[in-house]
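K.L.:
Spelled out from the first residue to the last, the chains are:
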Amino acid sequence: MNIRTPIDRARRSLVRGVLAVMVAVLAPLKAWAARNNVAFDTKLLEEGIAAIGADGAIETDRIVFKAPDIAENSAIVHLEIQSLLPQTATIWLFAEKNPQPLVAQFDLLPGLEPYVAVRIKMADSAFLRVVVKAADRFYFVRRETKVTIGGCAG
Amino acid sequence: MADPIRMRITLDGDIAIVKVLMPHPMETGLRKDPKSDEMIETVPRHFIEHVVATHNGRTVLDAQWSRSVSKNPFLEFRVRGAKSGDTIGVSWQDNRGESNALETVIK
Numbered sequence: 001m002n003i004r005t006p007i008d009r010a011r012r013s014l015v016r017g018v019l020a021v022m023v024a025v026l027a028p029l030k031a032w033a034a035r036n037n038v039a040f041d042t043k044l045l046e047e048g049i050a051a052i053g054a055d056g057a058i059e060t061d062r063i064v065f066k067a068p069d070i071a072e073n074s075a076i077v078h079l080e081i082q083s084l085l086p087q088t089a090t091i092w093l094f095a096e097k098n099p100q101p102l103v104a105q106f107d108l109l110p111g112l113e114p115y116v117a118v119r120i121k122m123a124d125s126a127f128l129r130v131v132v133k134a135a136d137r138f139y140f141v142r143r144e145t146k147v148t149i150g151g152c153a154g
Numbered sequence: 001m002a003d004p005i006r007m008r009i010t011l012d013g014d015i016a017i018v019k020v021l022m023p024h025p026m027e028t029g030l031r032k033d034p035k036s037d038e039m040i041e042t043v044p045r046h047f048i049e050h051v052v053a054t055h056n057g058r059t060v061l062d063a064q065w066s067r068s069v070s071k072n073p074f075l076e077f078r079v080r081g082a083k084s085g086d087t088i089g090v091s092w093q094d095n096r097g098e099s100n101a102l103e104t105v106i107k
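Chains S and R supply the protein sequences, listed in that same order. So for the first sequence, the working numbering puts the first residue at 1; every next one is plus one. So for the second sequence, the working numbering puts the first residue at 1; every next one is plus one.
These are computed hints drawn from the structure, not numbers from a lab. Mixed in with the good hints there might be a few duds.
[As the list claims (entries may be wrong)] Heads up, simulated DMTMM-like pairs for lysine to aspartate or glutamate below, C-alpha to C-alpha not over 20 Å straight-line:
id, chain 1, residue 1, chain 2, residue 2
1, S, 43, R, 41
2, S, 97, R, 27
3, R, 107, R, 76
4, S, 66, R, 27
Predicted model, so just to flag it, every value in this text is computed and none were measured.
Chain R extracted, bound-state conformation (with noise of 0.2 Å):
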């Protein structure tokens, strides 16, 4: 099981300004081969492919990222019509299944 999802939301006006760290090695499998100086496929892969982000169980973000996208991700999204006491969830998937989710309740 990968760490959990952080997630800090702050207000501004109607407007939740949401940023996420997403605990996952973002494993591109590529390494530099000594010999070739060349960037070769050595170990698997292993990283998110699809996040999802919702308001108040609303989906409102759907991505699909490649394995070029930074180890441990972060994202920022910034959701409008919010207010104190709604819900913003986030949830993952990885290219072997494996997935994680957090939902948020806005101060």
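Isolated chain S (complex conformation) (with noise of 0.2 Å):
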């Protein structure tokens, strides 16, 4: 009856070492930083600034946020930000007339210039507000872009 032979062994040293190997591909994954959730889902800007606890964040000229005057199509919009503040460690960005303003979290760690480029949806003609902190600060920069198609779908 339940006599195991060697190929029922061979399958179950199989099984663990497949099982290994999935903890070993998953491990990585559970590592990753934990979602702002409450600050991903407002859907009013200010609430969303205050999630990140951004709420006292000092405008200034020291965020480079190229962002298109008019963009042809809000389905994709151009983005780029490059922080000169030392000590960069996140940076947010937000886009005011989004059904959640919240778009991106890039936390930045050793060995990454403070620099990302990224495409993004517009809901409608609205300020992009970059938040960046550095040195345990909150600065921000805003620019005003007029998408000429409307709609956010898809």
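Two chains, two frames, some hints: make the complex.
P.N.:
Next comes the structure, spelled out in structure tokens:
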């Protein structure tokens, strides 16, 4: 009845091996940082800013934020952000009129230049706001981008 | 399984300029309601919510995204202290738990 053949043993060790590989592959995913769901879910810019702790942010010209004055296609708006602030740790990007204004959070670890470029969707003409946390203080810059074709679908 | 990530790296001194394209629908779920002309949630959201970049296996960028990032997301970042033979990795995970990853050796 319950006699283990060599094939059984081989199968068991194979199962153990596969499980070990799965654990090894999945482990890094668990180490990923927790998402600030409050900040991402809020529908108001001010609440999003408060949720990241940046209500006292100072406006600065030491964040270079390249955004188009007019976006031909609201589904693909190319943005470039470069921080000139020492010890830049985190960059947030908000689009004021989007259903949830917080578009992205970039945590910069040692070895990364304080620069990111990304393409976003805009629901409507709006101010785009970049918030930077540098040396434990918050700074921001904003630019108005007008969209000629509305909508944020798909 | 999503289409593979595409990555292009150029070295500028010791800075690796990394440009990445991640094929993904980035579905907001929103469509215009023909009756009210308002945007309403009609199909399930499906978007990349987490992106991690590594240099020689060490995390250098950890990004959280919303559904407002464009379809087939483009991302550019720059890694200091990089040289030929180093590896740059990019991985993403979406709100359905699907994921993809790519590692590229700098030429």
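K.L.:
Each of the hints needs a verdict: does it hold here or not?
P.N.:
Hint check:
Proximity of residue 43(S) to residue 41(R) is assessed by CA-CA distance (about 15 Å); at most 20 Å being required, the pair is judged to hold. Of the supplied pair hints, the one linking residue 97(S) and residue 27(R) holds, its CA atoms being roughly 18 Å apart against a limit of 20 Å. Restraint check: the Cα-Cα separation between residue 107(R) and residue 76(R) comes to about 18 Å, which is no more than 20 Å; the hinted pair holds. Distance hint between residue 66(S) and residue 27(R) is unfulfilled; the C-alpha atoms sit about 26 Å from each other, more than 20 Å.
Violated hints amount to a single one, hint 4; each of the other numbered hints is respected by the structure.
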